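*Asks:* Take a look at the letters that make up each chain.
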Amino acid sequence: MLWYKAWMETRARFLFSLCGMVALPSYYVYHEAQGVEKFARLDWYYHSLHTGHGLIAAMWVAAVIFLMMGGLLREKAVGASSFTLALPVTRTSLMRVRILCGVCQAMALAVVPWMAMFLVSRATGMATSIYQAVFHVVLLAGGGLVFLALALLVSSVVEGEYTAPAVSFGILFVDAIVLDTRSFGAFSPWGFIVGSEYFDRKTQLLLGSIPWVHLTVSILLAALLSGIAIKAVQRQEF
Amino acid sequence: MSDVPAIETNRLSKFYGRVEAVHGLTLSVGRNRLTGFLGRNGAGKSTTIKMLLGMVRPTSGEGTVLGKRIDDPSESVELRRDVAYLSEDKRLYGYMTVEQTIRFTSSFYRDWRKEKADSLLRKFELPPGRKVKLLSKGMRTKLALLLALSRQPSLLILDERSEGLDPIGVEQLLECLVAQSSEGTSVFFSSHQIEEVERIADQVCIVDQGRLLLDLSMDEIRESYRQIDLVFPFEPRQLEFDLPGVVNVRTEGYQMRVFSSGNTDEIIERARTHQATSVEVAPLGLRDVFLGTVRDGSNALV
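Line order of the protein sequences matches chains G and V.
Everything in the first sequence is counted per the numbering used here, starting at 244 for the first residue and increasing by one.
Everything in the second sequence is counted per the numbering used here, starting at 86 for the first residue and increasing by one.
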């Protein structure tokens with residue numbers, strides 16, 4: 244039933260995010276499709292999808308930060324942590340379920356909006372490439388786990404009902420300023436999930452094969468941050 | 086197994102930084118008893134309860150609940166299966182409805198009694214479909230009580246149990262606690278409502294500044310504790326009454342008030358030796374015992 248709790252806690256935020264993320268990029272692609280005849284260029288189709296991906300990525304990062312703003316410290320802030328901690332479960336179990344629920348929701352938020360955008364694109368007669376779609380989704384879902392784990396860690400160490408998402412957005416802002424420069428571009432999680440490194444401006448496509456090594460590093464970094472968050476929660480006393 | 090105390094601590098201490106919240110607490114709470122846990126705000130009651138439930142780690146000392154060690158994470162999970170706990174703030178998940186909260190909580194316990202939960206739901210007049218965040222403070226307390234009382238736990242721990250309840254709610258609660266106790270559940274409750282404790286408790290523990298000052302049965306308190314008012318023809322000296330059983334002494338002019346935990350006859354004899362012109366002995370209620378013990382904790386007897 245910890246799954247039930249994790250779902251109930253995040254359900255509203257998840258469904259709200261999902262609706263927004265399905266609607267906005269799909270509408271954008273649909274809107275672009277209306278004017279595409281004027282240009283009738285293949286790269287225009289892909290440009291629309293890539294821009295739609297940028298929209299999904301921005302909304303996805305915001306959504307996972309909001310999804311991860313729960314947890315024991317937030318419950319402490321609203322006074323419900325004693326009830327949770329009196330249940331016959333360990334803090335580790337609580338964290339595991341929270342992480343797995345968050346990961347499942349984050350995956351759904353990456354896949355479903357892209358599927359919707361892809362289907363709208365196909366329905367409106369625009370060019371589509373399954374490989375490009377999968378490439379984009381893998382970058383987002385795999386590389387984006389760093390943001391999810393970061394939000395998890397912040398919510399596990401920063402107290403206050405809304406302090407954790409505020410701090411997470413602050414870190415995101417710093418990341419956008421510091422790491423999104425040319426010198427550090429290769430280390431930018433944001434640059435990675437929008438595919439900056441692999442994006443070809445001429446064709447508007449992501450070139451090359453899916454960067455499994457970079458993805459693995461991102462996932463390991465996310466796992467490390469999650470592990471630190473679990474340790475932090477295990478050590479807390481309240 | 087039933088010989089094992091419900092709660093047993095040995096020199097249990099907790100420091101928060103340099104602040105000592107609980108100081109060498111040695112406590113034994115028997116099975117099938119209603120034990121009141123009294124103390125001022127900040128006396129260490131909630132910290133003690135949180136240590137018992139594994140939410141806070143003791144700095145030193147040891148303790149068991151139902152024979153399971155409180156500092157062992159796996160035993161702590163096991164003991165929580167047999168313990169029902171009602172926390173001080175009684176906050177639940179605002180995003181769940183009353184019904185969802187009951188369903189969620191029931192899934193963790195083998196001893197959940199659906200009929201009891203349904204009966205309490207009707208008795209407390211809780212709306213099953215309403216979100217917890219929309220409940221009044223009193224209703225929230227009733228829901229928290231329902232979750233704790235709908236089981237057949239070996240031990241029920243309540244931290245400030247009647248907060249937010251109206252007088253009828255308090256009566257219902259006290260009835261439920263007595264009924265739960267009669268069904269074999271040990272009840273350990275902290276409270277500031279001394280009259281309620283006096284009505285239902287079999288045993289009383291008083292703590293102050295993290296130290297246990299008193300641990301006696303209500304019968305012992307009723308039999309032993311006395312307030313002795315004395316009048317002398319001159320200003321009496323307190324030192325003359327430094328006798329066993331004297332908890333504290335107050336003088337005002339020719340009058341003296343002795344608060345004793347026993348040895349009343351010898352105190353009266355001493356008063357007569359010192360030419361007391363008036364001696365009045367009155368039994369003490371729990372409120373007086375609490376105030377007398379906590380005000381002069383250093384002289385109190387355990």
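The set of hints was computed from the structure by calculation and includes no laboratory data.
Accuracy of the hints is not assured; some may be wrong.
Unchecked claim - Residues from chain V that face chain G, not an exhaustive set, calculated with beta carbons under 7 Å: (1) V162; (2) R165; (3) Y180; (4) W197; (5) C261.
To be verified - Taking lysine-lysine pairs in the PhoX-like style, the calculated list, with each CA pair at most 20 Å apart, reads: (6) G:K445 x V:K216; (7) V:K222 x V:K199; (8) V:K208 x G:K319.
Here the structure is a predicted model, which is why all the values come from computation and not from measurement.
In this text, a Cβ means the ideal position worked out from N, Cα and C, and glycines have one as well.
*Asks:* Determine for every hint whether it applies to the structure shown.
*Replies:* The hints, checked one at a time:
no.	hint	verdict
1	V162	holds (5 Å)
2	R165	holds (4 Å)
3	Y180	holds (6 Å)
4	W197	violated (12 Å)
5	C261	violated (18 Å)
6	G:K445 x V:K216	violated (54 Å)
7	V:K222 x V:K199	violated (24 Å)
8	V:K208 x G:K319	violated (30 Å)
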